[in-house]
Amino acid sequence: MTARLRAPLLSLALLAVFLLAWQIAVSGTGPTGPAMDPEYAKLMGITATTGKSAMPGPIDVAQSMIEILRDPFYIRGQNDKGLGIQLLYSIGRVAVGYGLAVLVAIPTGFLIGMSPLMHRALDPFIQILKPVSPLAWMPLALYTIKDSNVSSVFVIFICALWPMLINTAFGVASVRQEWRNVAHTLEVGPVRCAFTIILPAAAPTILTGMRISIGIAWLVIVAAEMLVGGTGIGYFVWNEWNNLSITHVIVSIIVIGLVGMALDQILARCQRLVTFPE
Amino acid sequence: MSGGLVCAAIDDLGRHPAGCGCGRSPETLDEAVAAAVFRAAIPQAARRRDLLRAVGATAVLAAMAETFPLGAATALAQDAGKIEKPNLKIGFIPITCASPIIMAQPMGFYAKHGLNVDVVKTAGWAIVRDKAMNKEYDASHMLSPMPIAISLGIGSNQQDWQLPAIENINGQAIVMANKHKERRDPKTWKGMRFGIPFDFSMHNYLLRYYLAEAGIDPDTDVSLRVMPPPDMVANLRADNIDGFLGPDPVNQRAVYDGIGFIHLLSKEIWDGHPCCAFAVSKSFIAENPNTFMALSRAIIDATGYANKAENRKEIADAIAPANYLNQPPIVVQQALTGTYADGLGNVVKAPDRAGFDPFPWQSFAVWIMTQMQRWGQLKRDVDYQQVAEQIYLATDAAKFMREQGQTPPGTSTKTFVVMGKTFDPAKPAEYLASFPIKRAI
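Protein chains in written order, with our numbering: chain A, 945 to 1222; chain B, 1277 to 1717.
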């Protein structure tokens, strides 16, 4: 067995063990107590009548996954749309919020990185705002912006901003002094210096910040949509939670994870493109 | 229609005898048209009166209908009342209290009154309030205390909201975790944790009232936690709460899933209490008067339909799908028909478990304000009757109900009994003073 195959095989084995344990854990039927009156049993759910676990097994989840993915783009009214459509709404919101964050964070980060004074002056604000949870921003956003859609985009923006800002500033500040000195000696103008020397040198660090931010943006959107409702994958989870349909909630968790991974991988590719050997 | 004609004559006489039954002005459009045509045909008031006295309104009307196309004139007048905004967004919380608001879409009540409405499911009451106040919704399903709270500016910014129709009466329940099957006396509930859907909810006030009657101070002896209805069932399962006073179908869902039992229906606390309502902002009404009228007609029409027991199963099936409540139909049916499993092994038949009555009794608003003061939400004196009149649009509702063939009550205030104690809307201050457990104002 080659070393290359070992890791994937181990992953599969772990998955199999996990699924088996899951299936065993949920397959037992609990004590049902005295027999129910049939009239009464008709009005009760399966958990109450048969003692079946309220938690679905992996087979239930796989079945409902196939069912949902077979028709991801249906629209059966304002509040009932397919998973594919909900994902598109969420990705759209993330794209806008994240895009705006990139537009603000990178130039600002550049400025902070270039000026030690600005860095020290802005640092306390950044340190205070950075750890604030998206859900804490939400009421304020709804109150001031007065539009739930724009509010969720704003919350993504404000949460995705900080890692990019900090990483850009750090990347710019830690460009090797020799390189700047060389540029200075060769009388390269400040603008040209920024674009031809500092930006390429700081790019890998900036991309790391962008990668952290996209992860955060995707985390935030689910929370924001659960709160404001209407559309998006977060709303989908909430709607299924409303129905206490744990099977669908698990399907959504898997899909959210897959999309998050895809977004992360796209930025990982970009990062590899700008990395340079020293 | 003869009412309008009699009315036209009465206007001339300048007085308004009892038994006219038509209010100060002609009530419906066709009455108004008939009266106008009558005035135009015989300009002299004295001759009109003589004619009406001599042959009676019905005969005059029949004669007029032969010579003048009353139907066409009525249609013309209707055209004048053009709907300013036919495409509307209305928010709702997925509970059976909102049945008329929700079902009016799939069952065509909005369309019947010339409106194209999207009903938008919303995650919780605070979000409903914010989206409604931000004009993202043109109108909304609200808890009946909410328009009062918003209009008084407690718990949010001040904005003028109005309540043209109550949606449901009764239909709530106290659900307790299965482990409390032997602790049915609320006097033994000290230290328990309860879920309520919102601070400004009938659920909050009814649960507090019920606990206080048993000598339990709801602020110090137990803890009340605000949580969205679906979280109530999950929290009950996770043993984070001991019980909740929640809306249907959540109550029935807890029984259906074998987690809790129905301790009592809210009608046992106050039979006929209001719960949810249909709310519109004052500014929307001012800008879109005809839309508002069409909307109120549609809602009152649907509410009247929902109140008929024979329609309940059809409604349950219409609102159970994922687009609306997203619940198993059998759960919604139990909540709406009142034949239900109580979680203790009995099938109970209580046809009045849930009712739908659009009439916004102003006494309800006064009672709600006494409870807001009782529990420290409203920390100032208010002119109960004036606030109630401004927010609970009883006169309009009565007019719309008559148009939809329903029978509104002749007055807008009444006394009612909450847990054995009579509430007189004329004496709210005395009522408030009579409670031993209350917060100082």
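The reader is advised that the hints may include incorrect statements.
Claimed, not checked - Ranges between beta-carbon positions, derived for each pair:
#1 G1696/B x Q1071/A: 31 to 41 Å
#2 A1080/A x R1469/B: 33 to 43 Å
#3 N1410/B x A998/A: 52 to 62 Å
#4 G1696/B x Y1018/A: 33 to 43 Å
#5 M980/A x Q1662/B: 34 to 44 Å
#6 I1198/A x N1516/B: 40 to 50 Å
Claimed, not checked - The calculated lysine-lysine pairs, modelled on DSSO-like cross-linking and capped at a C-alpha distance of 27 Å, are:
#7 K1466/B x K1455/B
#8 K1361/B x K1090/A
#9 K1463/B x K1697/B
#10 K1463/B x K986/A
#11 K1558/B x K1090/A
Hints are computed from structural coordinates only; laboratory data are not their basis.
Where a beta carbon is used, it is the ideal one built from N, C-alpha and C, also for glycine.
Inset, instruction - With 52 to 62 Å as the target window, see if N1410/B and A998/A comply at their CB atoms. - result: Between N1410/B and A998/A, where Cβ atoms are some 37 Å apart, the hint is violated.
Legend entry - Distance restraint between K1558/B and K1090/A, which requires alpha-carbon spacing of 27 Å or less: Cα-Cα ~18 Å, so holds.
Inset, instruction - Given the range 40 to 50 Å, decide if the beta-carbon distance of I1198/A to N1516/B lies inside it. - result: Because 26 Å falls outside the window, the suggested range is violated.
Legend entry - Outcome for the supplied range 33 to 43 Å, where the beta carbon pair is A1080/A and R1469/B: Given about 24 Å between the Cβ atoms, the range is violated.
Inset, instruction - For the pair we were handed, K1361/B and K1090/A, check the Cα-Cα distance against 27 Å. - result: This hinted pair holds, its Cα atoms lying about 21 Å apart.
Legend entry - Pair hint K1463/B and K986/A, alpha-carbon separation not exceeding 27 Å: Violated, at about 34 Å.
Legend entry - Given hint K1455/B paired with K1466/B - CA-CA distance at most 27 Å: Holds. K1466/B to K1455/B sits at ~15 Å (cutoff 27 Å).
Legend entry - Status of the given 33 to 43 Å range, CB of Y1018/A versus CB of G1696/B: 53 Å, violated
Legend entry - Whether the CB-CB distance between G1696/B and Q1071/A falls inside 31 to 41 Å: 60 Å, violated
Legend entry - Status of the given 34 to 44 Å range, CB of Q1662/B versus CB of M980/A: With Cβ atoms ~55 Å apart, the hint is violated.
Legend entry - Distance restraint between K1463/B and K1697/B, which requires alpha-carbon spacing of 27 Å or less: Distance of about 19 Å is within 27 Å: holds.
Hints 1, 2, 3, 4, 5, 6 and 10 from the earlier list are contradicted by this structure; the remaining hints agree with it.
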